[in-house]
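K.L.:
Generate coordinates for the entire structure from the input sequences, incorporating the hints supplied.
Chains as they are written, first to last, in our numbering: chain A, 1 to 392; chain B, 393 to 649.
By construction, these hints were calculated from the structure, which means they are not laboratory data.
Beta carbons: idealized from backbone N, C-alpha and C, even for Gly.
Keep in mind that the hints are not guaranteed to be accurate.
[To be verified] Residues on chain B that point at chain A, a partial pick, calculated with CB under 7 Å: (1) R490; (2) W505; (3) S506; (4) S507; (5) N632.
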Amino acid sequence: MKTNNFLKPTFWKGVSVVVIIVGLYSIISRFALGLGKTTNLSDMVPWGLWIGFDFIGVGLAAAGFTIAATAHIFNAHKYHSIVRPAILTAYIGYIIVILLLIIDLGKPENFWHPLVMWNLHSVMFEITWCVICYSTVLTLEFAPVILEKLNLKAPIKLLKKISIPVVICGVLFSTLHQSSFGSLYLIAPAKVYPLWYSSYLPVHFFISCIAAGLSMIIFEAYLCARAFKQGLQVWVLSGLGKVILAVLSIELIFKFADIILTGKFSYLFVSVSETYFFWLEILIGFAIPIIVLSIPGYMRDRKWLYFASIFTISGFVLNRMNVSITSLVRTSGQNYVPAFYEISITLLLVVLGMWAFRLVSKHFKVFETSFESNGEVLETADLKQRELIFGK
Amino acid sequence: MKQQMGLLFDVTLCVGCGSCYNACKNQNGLPETNKDFLKDHLSSNTYTVVEQYGENYARKICMHCGEPTCVSVCPVGAFEKSKLGPVLYDANKCIGCRYCMQACPYSIPRYEWSSTSPSVRKCNLCYERLKEGKINACADACPTGATQAGELNKLIVEAKRRLKENPDKYYQEIYGLKEAGGGNVLVISPVPFDQLGYNTNVPKQSMPGFTLQAMEKIPSVVSVGGIFLTSMYWLTKRKNEVAREERKNLRGKNENE
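P.N.:
What follows is the structure, given as structure tokens:
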């Protein structure tokens, strides 16, 4: 029955198959033909869609460390139920980013060089080590989910013993990693458009990833609850909504304060495309979600939370694309539009990530069946039906 | 100690003959990339170009910064500022992240985009010749002395002397002396440098510091963050325990009554 379900054709499965076939073909082409023939990167635009997507993948993985810290370090037990989805999101996000980095590297066979060839002054070196260390942390944090399934109790016990130091390391590595993506651009003050260049770029990257990462959890919880006809703990998600509202407000004020206090006020109203992209980012990523989350009652409505999360995520994506692409167009003197292969490989990874999340959360204990706080069963949580679907 | 070597390019002396362009191609064994050298641009097979701006000719080349961004940003240390002056690149170390290209304030490094194992390519200031005590191929080939090789200190003195002695003839700045903290290639010209296609937005200070101001905070972020998180863990855990105790006591009391 499980196999039948899996093979049952649906629209999204059809799309996924096409994306996967085209994507795999593109990956083969990229390695066979080289970066020049398969990307629109050039000497003036050495970084493109893939670097931007790395920022997005890692940024959306931010719930992995924020939720783990909230539940395990700050002992807010209310959030225990979303620790696993958050860690799974982060884990998949990091695996995707590592795959894409290897595809993006000119000499992928040398990817291990930073392990033995050190340059402590390089942000890229810091990033490489953060990726390695945090992926290890995520493996340790996610391992119990798999070990449970295999019924291996001894290693789970061991992992539980070291869990607090592991979570603390995870928070520290993530903090460094998220911010270091912003640090990458500090070296190029004359190249990055003033609306995005700031010596606080690492801080902006760090703050904004928190809102985006938490939005990702709302987004996934909503979709998974719908797909698996599973319970949704609205009161937990409202908690996230409050944090998102606070973080977005702080970042919005910080962003404008930074621009105005560094004498870049005039750039806000110059009629050039950068200005429009900037304001679009503010509208989608800040104005809309802040307004929605500020309306009384909307915070407790899962549909509005979902709505706000989509806008927060989109605004975040736009911000990272603005920093990595829009802000550099003027000084590079070239209009960069990603090539077909760049887009198809990116889409492949997105689709693989979504399927990985879906399959893992279906076959492992990621989401808990949940009840409303007042004890009433909400949103089905119809166990019998669940057993049928999961074949448990 | 060996003196740092450099190049001084004087726009007023350049006649646009292309000798430097050809000498560079020969020295580095680079294939022809354009029949008309004046229309060529920097690429993985062209390390220097001569561009025409009205009656002036301007050479473009790696500026061999004193504190190069490429050296500071490369995650594997594939770039190195040699004691002789050239900024050198080691393709065997390179992983191909292209951060050097993104970070270079002059946008000099070029990439072998058509290769399946591409390397970064740029002028190495004829390091192999300098080591043997010879002067750079481009300076050697220059018939007018527009490109002059020599010890960097002496070239700076010479450039300043020319500006001072001919204030009418020269725009009173030396390009490459302050840009990015100063490098081993200097340019002097009769007109402001932006009129010759030189990037005048390059910050007039050493650039690795821009990143360093963020990187040097890492140890404190880690230590303060670590202490904060550990103490928060104990505090909130204790708080929860106390709350549980209180609840238990309260319940006990109620039952007693």
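K.L.:
Could you check if S506(B) really has its C-beta closer than 7 Å to a C-beta on chain A?
P.N.:
holds, 4 Å
K.L.:
A closest beta-carbon separation below 7 Å is what the hint needs, so does S507(B) meet it against chain A?
P.N.:
holds, 6 Å
K.L.:
Closer than 7 Å between Cβ atoms is the bar; does W505(B) clear it against chain A? Give me holds or violated.
P.N.:
This interface hint holds because 3 Å falls under the 7 Å limit.
K.L.:
Can the hint on R490(B) be confirmed by a CB-to-CB distance to chain A that is less than 7 Å?
P.N.:
holds, 4 Å
K.L.:
Was the hint right that N632(B) lines chain A, CB cutoff 7 Å?
P.N.:
Status holds, d = 5 Å.
In this structure, every one of the numbered hints holds.
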